[in-house]
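Student: Protein sequence lines, in the order shown, are assigned to chains A and B. Here the first sequence is numbered in the numbering used here, starting from 1 and rising by one per residue. Here the second sequence is numbered in the numbering used here, starting from 1001 and rising by one per residue.
A portion of the hints provided could be inaccurate.
Claimed, not checked - A few chain A residues that face chain B, going by a derived Cβ cut-off under 8 angstroms, partial list only:
1. Val67
2. Trp159
3. Leu198
4. Ala219
To be clear, the hints were calculated from the coordinates, so they are not data collected in a lab. As the structure is a prediction and not an experimental result, all values here were calculated from the model. Beta carbons are placed, not taken as given, at the ideal position from N, Cα and C, and that holds for glycine.
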Amino acid sequence: MSDSLKGTRFSEFLVTTETLLQLAVRKGLYTITLLSVLAPVLLTIVLFSIPDFEGLSYFYAKDGRVVPLFFSINNGEKCYPAVVADGFLVTGNSGLKTHILIVGSEPSRLLEPLGLARQYQYSIAVILPRDVYMRLGKPWAVTVLLDQVSRNYTVTGIWSSNIVLIIEQSLRDHDGYVCLFSRRDIMLSALKDMEMDLLDTATLWILLLSLVYLPIIYAAQRRIAESIRVDARVAFEAGASNRGILISTSVTLIVLHIIGIIHACTLGVVLVYTAWSLLGYVMPLPPPSPRTSIAQLLIAQIVLGALTAYPASRGAVEWR
Amino acid sequence: MALVALHTALAVKPHLIAYCILVLSVLGWLSLAALGLVNSLLQLYDGVLGVKEGLVVSSQGFSPLTALISRSEIEQKISNISDITVDYYLVTPILVGGKVLVLRSTNAGTMGSDCVLIGDSLAYELGVHIGDHALASSVFTGEVYYLEICGYTSGYILEAPYDLVARLRGVAPGYYSYAVVRGSGQALEKVLEVLNIKPSEYRLTRLVVAILPRIGGNRTRSMVYHAITEAYIANFGLQRDYIEYFALAVATASTLGSVMLGLDSARRLKSVFRNFTLMGLSKRKLLLVAVALGVVTGLVGFLLSILLYNYVDIFTLRVLGFTIKPSTMRSQALAVFLVLLALYVSGLTIGAYHEVE
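Please take these sequences and the hints and turn them into a complete structure.
Tutor: Written out as structure tokens, the structure reads:
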């Protein structure tokens, strides 16, 4: 096929598509497209513009307190190998069985952030639970019997917990890690998890809604195709090929679908911000925070609409 | 002849009816799921704390997990009221690994000091058994605690002796998160009165939450809510009514497509309508046939959506170790059905009217 013929066909296709598009808009058929995409697009915009949960963590913004968390894997920068064991604490004539958490770290790295000691410079530290410390008669040193090995330690401090904490620089075996996180990070992580869970559920819901709207979009496109059937026939009689008209109609439907989605999207954004500013008079609402996943979901909806355009045109604008 | 027309429409286009039923059932299911999830979120703390009835007395805060009440203060106020039982609970969020779980005090006296009971649903999800141990961290004290699983309880909660919970929460003995007062309606009214809530300000329902001023705070306002979560989300400026309206708007909007479906169905039934018009069936009767067809299709579609809602569990949320499943009230389900039916029947009738014209 020569280049000039290809060019002629392409310009013919462009003219047909433009004509069909103009006719569809003039006949008010665009409203049908808009109605068919309104619900899924509007709900995508509304659900994915809910306020950012991170905003709720501003109460903890200045809270520099640190919380140690025990993980089975290394889960961050400030993680230290640790092991939990059962052992005996002996002091003078008294002794008792207790649970011991042994952490392999330089003691100051844990004691100072946890507020258990200041400027600690020794290589080993022992923190006793307050009740254990009282029961043992407030000793200044204890003997720890662990795996039939006894070692003497100077008591570094006490805490309210129910487990003995031993921090020493070398630890042979470990079954997990103690990691230090700030309270704010924990709060943020919990809120983020909740938000992600909510948005994941919303994504699934929107995707199912978009799928169930597929037959509705098909019905709308079919109706438009049938309405421009006569005009397409005129193009056919004027010499346009059947295939060319079919493709032009499909492209017209896809373009209308995309414009409908953009229109519904704009309406959604206006709705969200109007609702926020109006409700702001009644209650202190955080601002909406549109997520990037809106774009992905809208693209998915455009693709779904494009998939139905060809079958919708096929029955309506085909002649022999 | 109208009945014959209805029968013909059903018999001639069974695939069309089946297709409409399918679309309507999924639309109904999605609407019910959206409403149900919002409902469940509004009852989050009722579910997490396992409180189903009674008068819950707590204090101002962002969550019952952070609020505190003084037992002696409450006892002093309600000591003269008879025929009531009061249970005090202290709850605290704890961190086990990266998970936030809820630990509640229990009155079971035979438990060891490191012992915790784990909710059966939570144990199943975490895969833990009796005899296992865990290291839990307190967000309040920043300390690590050794917890041993000694038994099971119900739900998604952990239970431990009060002393252990108080240590993890970092409070002195005598402080609790909330109290549940149970008794006759009259006795509960008296309790509300001694808590400075005027009888005209409340309507006694299955569950009432009284929020006292913060301990040591200057505000002396007490308020009554009908769900624990409702009392606390109010602190973020969110009122239950607004959230419910939002959920209803989402549910209604999702069913809007049923109008288009109705219009499309009428277009596809064009030949049936035209033939019966030629056979002498009046326009009014044909419209009645369209309405009847819409009602039958909508009803079957909605019944299917109820089945989907009950048996397909894909819309869940996890908050504080608690798995939230949609729970829709009957009135809301009825509202969804009516909206779906009204929209579909309207589309079908308008379409049929145009076809007949």
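Student: Would you mind marking each hint as holding or not holding in the structure?
Tutor: Each hint, compared with the structure:
1. Val67: 5 angstroms, holds
2. Trp159: Holds: closest Cβ of chain B sits about 5 angstroms from Trp159 (chain A), inside 8 angstroms.
3. Leu198: 6 angstroms, holds
4. Ala219: 4 angstroms, holds
Violated hints for the displayed structure: none, as all numbered hints are satisfied.
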